[in-house]
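Participant: Residue numbers (numbering that gives the first Met the number 0), protein chains in the order written: chain Z, 0 to 206; chain Y, 0 to 206; chain L, 0 to 206; chain G, 0 to 206.
Calculated directly from the structure, the hints in this document are not laboratory data.
Check before you lean on any hint, since a few could be wrong.
Which copy is meant is left open, because identical chains are indistinguishable; a pair holds if it fits in one copy or across any two.
In silico DSS-like pairs for lysine-lysine, Cα to Cα no more than 27 angstroms straight-line [what the hints assert, rightly or not]: (1) 131 / 200; (2) 94 / 200; (3) 66 / 177; (4) 2 / 131; (5) 66 / 200.
Number of protein chains: 4
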Amino acid sequence: MNKYVMEFIGTFFLVFVVGLSVVGIGAGAMAPLAIGTILMVMVYAGGHISGGHYNPAVTLAVWMRGKCDTTDVPGYWTAQFIAAVVAALLVGYLKHGSLVIEAQPNMIHALLVELIFTFALAFVVLNVATSKGTAGNSFYGLAIGFTVMASAYAAGNISGGAFNPAVALGMTLMGLNKLAMLLIFWIGNFAGGALAAVTFKYLNPQE
Amino acid sequence: MNKYVMEFIGTFFLVFVVGLSVVGIGAGAMAPLAIGTILMVMVYAGGHISGGHYNPAVTLAVWMRGKCDTTDVPGYWTAQFIAAVVAALLVGYLKHGSLVIEAQPNMIHALLVELIFTFALAFVVLNVATSKGTAGNSFYGLAIGFTVMASAYAAGNISGGAFNPAVALGMTLMGLNKLAMLLIFWIGNFAGGALAAVTFKYLNPQE
Amino acid sequence: MNKYVMEFIGTFFLVFVVGLSVVGIGAGAMAPLAIGTILMVMVYAGGHISGGHYNPAVTLAVWMRGKCDTTDVPGYWTAQFIAAVVAALLVGYLKHGSLVIEAQPNMIHALLVELIFTFALAFVVLNVATSKGTAGNSFYGLAIGFTVMASAYAAGNISGGAFNPAVALGMTLMGLNKLAMLLIFWIGNFAGGALAAVTFKYLNPQE
Amino acid sequence: MNKYVMEFIGTFFLVFVVGLSVVGIGAGAMAPLAIGTILMVMVYAGGHISGGHYNPAVTLAVWMRGKCDTTDVPGYWTAQFIAAVVAALLVGYLKHGSLVIEAQPNMIHALLVELIFTFALAFVVLNVATSKGTAGNSFYGLAIGFTVMASAYAAGNISGGAFNPAVALGMTLMGLNKLAMLLIFWIGNFAGGALAAVTFKYLNPQE
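With the hints as constraints, model all of the structure from the sequences given.
Facilitator: As structure tokens, then:
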């Protein structure tokens with residue numbers, strides 16, 4: 000149960016900072032830095048309790064790689080999605096009336112960059128947090144959190160920049176994208192996570 | 000006594016950089032980066048001497064978690080608040096006449112985000128600097144300092160962004176908020192710290 | 000073969016983020032942060048597999064220093080240059096019609112800063128990732144990636160800021176510089192890498 | 000001799016990036032990030048060779064603390080000041096005619112912030128790079144480099160932001176401040192370094 004509470008806390012803060020940084024008067028050009036940083040600190044704070052996924056696509060990748068029990072997956076996903084809903088509601092309360100409707104992006108472009116950068120994120124997670132070759136390092140949170148930062152700077156204006164099905168749900172509830180985009184996010188994010196697990200196994204055959 | 004001097008130095012630099020970065024012509028959009036960074040470096044510099052709290056709410060949380068002697072708490076708090084006063088006076092001397100009076104924020108919103116992000120800060124401190132699960136790491140200063148950075152980008156324009164009763168005192172003396180806000184900060188900050196200690200104990204029952 | 004695949008992945012993401020960040024509406028003033036960060040995370044993710052070069056000039060320097068097999072050099076270079084081509088084509092597909100032609104820089108100035116900062120990059124790589132004096136550290140990715148960030152902020156408006164023959168190829172294919180600049184980049188980058196290897200050996204005679 | 004060459008390389012890159020970032024069209028608001036970062040990477044690259052001072056005031060503080068041989072001090076200072084001159088000349092060549100003359104700052108304010116933030120820098124160096132309490136850490140370069148970044152954001156518009164007698168010499172040669180300021184920088188910087196050594200010894204009596 001502790002693991003699920005930690006996943007709730009970490010995902011809540013991730014979606015909460017996403018919302019506060021990009022809805023209405025937020026952090027402007029520094030939003031990706033704030034978002035990548037809150038993920039970093041929550042991974043450092045909760046990694047020793049739950050592994051610090053805070054992302055259903057990462058949970059999928061870690062499960063495929065064999066480092067997350069099958070019985071834990073439903074609990075992780077439930078905690079992550081509930082956290083996204085709670086965070087979105089709280090952002091809606093705090094920033095009442097300042098929601099922004101983004102222009103509808105090119106769906107194929109959005110799908111492509113969501114897949115590619117969620118692959119990057121899950122691939123980084125598997126290598127820095129589950130691999131013998133990097134065991135005992137102090138950089139795992141920095142690497143994971145800042146992958147999201149770089150991805151948001153690179154692709155934020157193509158897809159909106161979720162790279163995470165729970166964040167995508169939160170963004171949709173906050174009115175940051177049309178409902179149809181949610182499906183694009185989910186397909187791209189889970190496919191990217193799965194592809195990362197396959198690639199990790201190919202590149203690390205001994206694990 | 001060394002511990003109290005170190006808490007004075009660290010808190011002084013934190014409040015001094017807050018003031019220089021946000022009063023008058025300061026660091027603009029980079030102010031949260033400067034503030035989170037000075038906290039990071041002071042935690043790295045003084046952690047081995049005093050634990051590197053520089054924040055009365057963090058001292059409360061560490062004391063509740065059992066890693067700060069009860070006899071040390073008055074000394075830590077005194078050093079932190081005096082440092083804030085000295086830093087505020089020095090900023091007032093250096094930036095004479097350029098004080099800014101912020102619009103009065105929504106008190107309930109401010110209380111909420113101060114509580115939530117001080118919880119995040121103290122929760123990160125307890126997990127990265129006092130937990131067996133992360134013992135010996137090199138990332139504690141980065142995680143602690145950058146939590147404040149992300150929080151300031153996310154909630155700075157809702158509450159002003161103190162997350163620290165000593166910083167709140169310094170901000171009030173520098174004229175960055177009305178006196179009534181000081182009470183909001185103190186309630187939110189100490190409550191957030193206490194909540195973090197309770198949550199940490201629940202999630203880490205073996206400690 | 001795993002090493003070459005990893006070099007392809009890392010170089011692909013580096014050139015892809017360069018393109019998305021600087022072509023058309025990109026990351027603006029934050030582009031160097033995004034670029035240095037993606038290099039950092041890919042070094043952390045792939046260092047234990049391939050060494051994490053992602054740069055033909057770095058491969059040259061590591062080979063001269065004796066930490067890359069001669070038989071591996073052609074495979075590394077091939078993977079890096081192919082990755083740059085693929086990333087450039089993908090950026091061209093995603094940002095159709097938004098290419099920017101930079102003014103032609105002063106060739107001697109460009110050559111000079113490309114040589115100097117590629118020297119810095121390769122010198123940092125050799126010291127933090129191949130030296131006994133820093134063995135077992137957790138900062139190698141941060142040091143390597145952020146060298147590129149600092150270099151891009153310092154010299155990006157003099158040469159365009161490649162510091163990497165594969166990135167230079169990608170930039171040329173994306174239309175970010177004239178074809179003649181490619182030769183300047185390649186000469187400056189390989190010369191900088193070679194100079195770094197010579198300097199490293201002089202300063203670390205015991206290795 | 001290796002130590003002096005390393006001090007030359009590190010100080011050269013620090014002053015070179017200072018110049019390229021702030022003279023003419025530079026890195027704008029990101030200049031302190033670029034400057035703090037190049038110091039960080041050079042400390043990581045050269046710390047195992049020379050200790051990575053790159054700053055005569057840091058050399059003074061480390062010598063007073065007993066971790067730099069007296070016979071090494073003249074060589075370190077000579078290498079640092081020569082590097083600053085070479086870097087300033089090269090910046091002058093690359094950015095011909097684009098020098099900026101700053102308004103003359105308040106001398107007492109400038110002296111005060113130079114002293115205070117050079118104290119911070121040297122105090123961080125002594126604690127993270129020479130103390131038993133933090134031995135074997137991976138964060139020393141981050142802490143040292145980013146102290147300069149935070150200091151530049153906080154005090155750059157009060158004094159110009161040198162915090163380093165060699166950087167001050169380079170800035171003066173590049174025309175970034177009047178000659179009279181050089182004396183203010185040198186007094187403030189060396190006094191700040193000396194004060195840090197005294198404070199470190201008081202707080203760490205066992206060392």
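Participant: Against each hint, give a clear statement of whether it holds in the structure.
Facilitator: Hints, one by one, checked against the model:
no., hint, result
1, 131 / 200, "within (13 angstroms within a copy, 30 angstroms between copies)"
2, 94 / 200, "neither (44 angstroms within a copy, 32 angstroms between copies)"
3, 66 / 177, "neither (35 angstroms within a copy, 48 angstroms between copies)"
4, 2 / 131, "both (23 angstroms within a copy, 17 angstroms between copies)"
5, 66 / 200, "both (12 angstroms within a copy, 26 angstroms between copies)"
The structure is inconsistent with the numbered hints 2, 3, although it conforms to all the rest.
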